[in-house]
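Chemist: Please build the complex by placing chains D, P and H on the supplied structure of chain X, with the hints as guidance.
4 protein chains.
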Amino acid sequence: MTQDTARAQEIAGRVTDFIRDQIIPLEGDARIHAHGPTNAFVAELREMARAAGVLTPHVLPGGAHLSHRETATVLQAAGYSPLGMVAVNVAAPDEGNMYMLHKVATPAQQARFLAPVLAGARSAFFMTEPAALQGAGSDPSMLLTTATPDGEEWIINGEKAFITGAEGASTGIVMAKTPGGATMFLVELPHPAVRLKRQLDTLDGIMPGGHWEVSLENLRLPAANVLGEVGAGMSYAQVRLAPARLTHCSRWLGACRRAHEEAVAYAARRQAFGKALIDHEGVGFQLADNLIEMKQCELMIGWVAGVLDSGSLAISESSMAKAAIGEALFRIADRCVQVMGGTGLTSDTIVQQVFREVRAFRIYDGPTEVHKWALAKKIKREAPR
Amino acid sequence: MTQDTARAQEIAGRVTDFIRDQIIPLEGDARIHAHGPTNAFVAELREMARAAGVLTPHVLPGGAHLSHRETATVLQAAGYSPLGMVAVNVAAPDEGNMYMLHKVATPAQQARFLAPVLAGARSAFFMTEPAALQGAGSDPSMLLTTATPDGEEWIINGEKAFITGAEGASTGIVMAKTPGGATMFLVELPHPAVRLKRQLDTLDGIMPGGHWEVSLENLRLPAANVLGEVGAGMSYAQVRLAPARLTHCSRWLGACRRAHEEAVAYAARRQAFGKALIDHEGVGFQLADNLIEMKQCELMIGWVAGVLDSGSLAISESSMAKAAIGEALFRIADRCVQVMGGTGLTSDTIVQQVFREVRAFRIYDGPTEVHKWALAKKIKREAPR
Amino acid sequence: MTQDTARAQEIAGRVTDFIRDQIIPLEGDARIHAHGPTNAFVAELREMARAAGVLTPHVLPGGAHLSHRETATVLQAAGYSPLGMVAVNVAAPDEGNMYMLHKVATPAQQARFLAPVLAGARSAFFMTEPAALQGAGSDPSMLLTTATPDGEEWIINGEKAFITGAEGASTGIVMAKTPGGATMFLVELPHPAVRLKRQLDTLDGIMPGGHWEVSLENLRLPAANVLGEVGAGMSYAQVRLAPARLTHCSRWLGACRRAHEEAVAYAARRQAFGKALIDHEGVGFQLADNLIEMKQCELMIGWVAGVLDSGSLAISESSMAKAAIGEALFRIADRCVQVMGGTGLTSDTIVQQVFREVRAFRIYDGPTEVHKWALAKKIKREAPR
Amino acid sequence: MTQDTARAQEIAGRVTDFIRDQIIPLEGDARIHAHGPTNAFVAELREMARAAGVLTPHVLPGGAHLSHRETATVLQAAGYSPLGMVAVNVAAPDEGNMYMLHKVATPAQQARFLAPVLAGARSAFFMTEPAALQGAGSDPSMLLTTATPDGEEWIINGEKAFITGAEGASTGIVMAKTPGGATMFLVELPHPAVRLKRQLDTLDGIMPGGHWEVSLENLRLPAANVLGEVGAGMSYAQVRLAPARLTHCSRWLGACRRAHEEAVAYAARRQAFGKALIDHEGVGFQLADNLIEMKQCELMIGWVAGVLDSGSLAISESSMAKAAIGEALFRIADRCVQVMGGTGLTSDTIVQQVFREVRAFRIYDGPTEVHKWALAKKIKREAPR
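Chains as they are written, first to last, in our numbering: chain X, 1 to 385; chain D, 1 to 385; chain P, 1 to 385; chain H, 1 to 385.
Same shape as in the complex, but just chain X (with noise of 0.2 Å):
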């Protein structure tokens, strides 16, 4: 575990009991579709946590969220299950969405669009863009949706890719280009102009709501819904990208801790050629470049929400952390999965989900090349001349 409070290890603590007693007992259930689990499924498990004291542990009473240290301490814990950080909600993309709308929200908008999810309800951040149409994606400049001032109001449109959760989600949040930049609207969902076209079928399976192409058509809005200021859409985005890329860092860690201890229970278990698996080099050697990879990510994630906890934007850090933290953690589930042989191609375990989802982490928040190509940039900057 990262340096701790005693806050943090008493809520992760409380976190971890949950999630073994209430949780992985229903890691199973039949409302997990391919898609996630169902909208009634998630509110169910959020009551749960609630009733546990343990719903959106990362926020305190009044609002304030724990440091960055604390929360990775905290969503690691979350982590063990891939239901479990829904469970608790603190799942992408509401966990990043209840950051940024804490940093840059007025009061007003923290009341209507924050606290629904803060209690449970969920939310969506509408800023991919189809490929198919060069929109945005690894780059926001490509962005193509646009808002349109009229009067009072804004109109949006545009199309959208890969928006997470955006059936049964509550509050909406939309990148547009606006005159002078990229603005964030906030909307309530669902909406009649919100129109949601195809659900993804994607390898990964587990965020509620699934992902989504979605047509924004002549989307009307206050200029009430503005989030910040008009132009300013880009830099809240930097606000949350760190954090947001740190926490999915923080999720995977700890459903990869789960992999690996269910790879070491059968590569003990499991006999082969007269011995344990464990015995054999050629699977404890895999299970020990487990056990260093686990500690570097644990390491890195402590390292980048240090630097965020001293107020930096760690874009080049957290940049770091996403590339070798994705990177590693596939190759732990992989790992598991090679260590389980048939077994662990099977829904029988985690580890085939964990192996899914971290193969999909690898490119959400950016794929690993783009965060080397990010620092080969910075390293040319800063190289001497």
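No lab work stands behind these hints: they were computed from the structure. Note that the coordinates shown come from a computational prediction; the quantities given were computed from them, not determined experimentally. One thing to keep in mind: the hints can contain errors.
Which copy? The list can't say, so a pair holds if one copy fits it or any two copies do.
Stated by the list, open to error - Here are the computed lysine-lysine pairs in the DSSO-like style, where the Cα-Cα straight-line distance is at most 30 Å:
1) Lys177 - Lys377
2) Lys295 - Lys377
3) Lys103 - Lys380
4) Lys295 - Lys197
5) Lys177 - Lys197
6) Lys378 - Lys295
7) Lys380 - Lys275
8) Lys177 - Lys295
9) Lys378 - Lys197
10) Lys103 - Lys377
11) Lys378 - Lys275
12) Lys177 - Lys275
13) Lys275 - Lys103
14) Lys197 - Lys377
Modeler: Then chains D, P and H, alone, in the frame of chain X:
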């Protein structure tokens, strides 16, 4: 492509045309479920293949098989679509079963158990046993299923797992311990003593009939159902072993070629940071690595096929190929996903399926580690003293 | 840098200045041979370090050592030049020997055997034995050298190999089998019964005195030369073990930082195919990988140093760090060579030397595989049953 | 071995015998310095090779070259000892120079410049220029050296770097810019206007004459010394390119086979932790990886040689092979070092030298990254639109 005869090239050309024109348009068909295409859909596809003259294309009229080199050419063509390999009836486990029955079964057995499979029926190979019971997996010596003589008959009891295609198969081959060794038995399916207990939910999903846990409950078979000699089951498994490994490699190389082409097309089309993805070295180098590794796979397949054609069992050569190609194809498929970003995670592209299938392939037919273990043993045996 | 005290930062700052101003200009000195700087040159460098107040900078006046975290900071600074770590007297094996003698030796022994080393004399650790004799290497239990009691004295016989710095050392520490275990003995060098047989020609080349095969031929030592308790030699080796691993990591991380800076400067300057190398992603991504891995090394060093400072022997933690950091630093150095092309292969850049030294480091202090083997054992011990 | 003619096998057999019986015993000869064997020692070795009938074994009496496939077989045999490739006169740059002169030089030029090299004299290829001047390296279009017509003569001026074998060579081939392109010139060496400025101290060390920085200072050459057509120098470089890349691959594959055999023998002999190293999967798997990768290298060499034999320039095929084989051979050599532990770091085994040579090979004849860059360009050119 590997070195070809005109005959193999001609057949592969017809398979290629058939898949491009008739099968690829059906890849999104709703009759393909998480556990593979439905039996009815498979039957329909095979009718199409028969009509196009490409059903079971690696077996000549009269029953002779193409050479291993020729087969490699044809199966690489068939693998271009995962559904294609099913359609033309060269998929696992049928292709390996056909080969073994052709080599070992009596004419009467061939008429009864092989001929339907050649004509498009399906078969299953009951070898693997549950890990939870410490049954046979990578280590075949751990076989627990028993066949006990009872007058003129044998009574077979045991638990099997990961029995691919068990549902809907008409021919079963069962491996069981008998006095003096292990023996293979033939059984017509479905059979009341062959109880399908549970369909596994696996990462891969193209094999018709999916993967099953099966109980053999006092399965009574007459002596006529013994394949070859009593006690010689392991040696027949060896006959099947290397060719089956190799055709797996050929099929999935074909599929990875397809995935690579999709990734190239995407990278040439999609813009980011001011230029096409393919103009970013971070992407272009991944595609170059694919090019290199696909060529290495092709060369290894050609080499092992040549060894088999020379009459060798090619045990260690096929271990080298399976280990190397399994890992290489996974890297290729993984790079294709990565290059395509979010799109690569969706079922909008065949890349995602190829990724899942090839992940499983690293475990099926012996995990990479088992092959390296066998190779290390061989190196030791041949080391200078 | 790892978390620092002001004291460590101040010392490290002085070391940095000294190395930059006085040592780097001497890196091409003709008195550095294939087997390291000559003894006379080392003496001269240490005179310079003494004058600059940076000789043996990790040991305080009075003999107390800096904390492990502080030491890590100082040694990373010293490692910035391979010659620098020699100059300021923090190189292997002296640094590890100083630590162990400080912990275990009696005051009289410290005066006689430690004080000179703190003042800039050199020492050697006679542990490793020839592989050809199946002597102690990675597996210390294979120790062949014996010490036999003879009245008040011990008579030591055996063959040692890879004895770093044997030529020119004034203090020797000899590990030998004794009744009831293994024992360490102290010896003043040179000594006629400690015969330097052959200097090994190795890939690395910075350690003064090089690496030697040594015969111990009826080496007679009085009881006063026993370090600590008879039979407790292995436990003292454990005291030395983790700190020595860690300082190795710190020194070579410092050296890799230097190599990386050279590679960055080269890549920013050198043009190819129409732009600076650094503008090619194929180069920039390698430098980004360096940045990430240097940070991971730094974090692991800080973590293990903290564990040591807490009073633990940090056996498995230091195994994790040695395995991970050894491999990471090699990748870093290798990328630096590759980025610099032909220039990186020449002694015109320190990069080439760092590459050679770090290659050796993957084997010194336990090859990576031995650490993974130990970690796998630990995972097994702690596995759930 | 690649597919062979009886002729190639017979020649390779003789080369193998010669190297085993006469060259390997000389590998530790004191006349081999850091910059390679002395010129006198090379002359002596080639006298031995001539006496054994294996001097320049890939060129038939009369001057015809073996086919590329045959050459691959012979050079793999020659590479079994780094000194062996020198002894039998198939080393770089001579072998590539012989090939190009055979293809391009006039009969008169062949008599004057090629015949001595075939008979055991040495040659140098003056192409590369200093990085510090932004001269030609991986990007040949950056050529700075000029040749200016002056009546019937050309006057050549420029700086060259990394000129292998410049000292002691009798034939030089100089690339220089001329009106309309680049031109190659032939020059008898030593020549007062070809000034050897500085011998580089490089990681590798087998090439006779070492690597030099050279100044061309008003080098006057008559028209008869122009190789082929004025302005066609780059196209001749292309003729030399792929075959020279391939023979590099063949030679170093031979050397890696040797290193692997040494590592296997060591691992079979050396005990640790209760069994032979080879019985540890952590070691055995590395040796298995070597086996697989050596086979892949052999197959790629055979493939590219076949493409060359079919009349193609094999530019992209040889890029694929150079990139893949350079990296693979390095991994192989690196594993051999690692398996042998401390011993692998010493010159007591050829493994250490092979490691250094193969490290350099990843850069010589185009760094891996340049080949991937070229392949990515090709993939883009051929991408569907």
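Chemist: How would you label the pair Lys275, Lys103 (within, between, both, or neither) given a Cα cut-off of 30 Å?
Modeler: neither (56 Å within a copy, 34 Å between copies)
Chemist: Have a look at Lys378 and Lys275 and pick one of within, between, both or neither, based on CA distance no larger than 30 Å.
Modeler: This pair counts as between: shortest inter-copy Cα distance 17 Å, intra-copy 50 Å.
Chemist: Please sort Lys177 with Lys197 into within, between, both or neither, judging by C-alpha distance up to 30 Å.
Modeler: within (22 Å within a copy, 56 Å between copies)
Chemist: Treating 30 Å as the Cα threshold, decide for Lys177 and Lys275: within, between, both or neither.
Modeler: between (63 Å within a copy, 21 Å between copies)
Chemist: Given a CA cutoff of 30 Å, do Lys197 and Lys377 count as a within-copy pair, a between-copy pair, both, or neither?
Modeler: neither (38 Å within a copy, 38 Å between copies)
Chemist: Go through the copies and call it for Lys103 and Lys380: within, between, both or neither, with a Cα cutoff of 30 Å.
Modeler: Neither, since 32 Å and 45 Å both go past 30 Å.
Chemist: Measure nothing new, just compare the shortest in-copy and cross-copy C-alpha distances for Lys177 and Lys377 to 30 Å and report within, between, both or neither.
Modeler: within (26 Å within a copy, 35 Å between copies)
Chemist: Regarding Lys295 and Lys197, is the shortest C-alpha distance of 30 Å or less found within a copy, between copies, in both, or in neither?
Modeler: Result: close neither inside a copy nor across copies, 42 Å intra and 41 Å inter.
Chemist: I want to check one pair: Lys295 and Lys377. Are their C-alpha atoms no more than 30 Å apart within a copy, between two copies, both, or neither?
Modeler: both (28 Å within a copy, 18 Å between copies)
Chemist: Is it within, between, both or neither when you check Lys378 against Lys197 at 30 Å Cα-Cα?
Modeler: neither (39 Å within a copy, 38 Å between copies)
Chemist: 30 Å Cα cut-off: does Lys103 pair with Lys377 within a copy, between copies, both or neither?
Modeler: within (29 Å within a copy, 46 Å between copies)
Chemist: Please sort Lys378 with Lys295 into within, between, both or neither, judging by C-alpha distance up to 30 Å.
Modeler: This pair counts as both: shortest intra-copy Cα distance 26 Å, inter-copy 15 Å.
Consistency note: the structure conflicts with the earlier hints numbered 3, 4, 8, 9, 13, 14.
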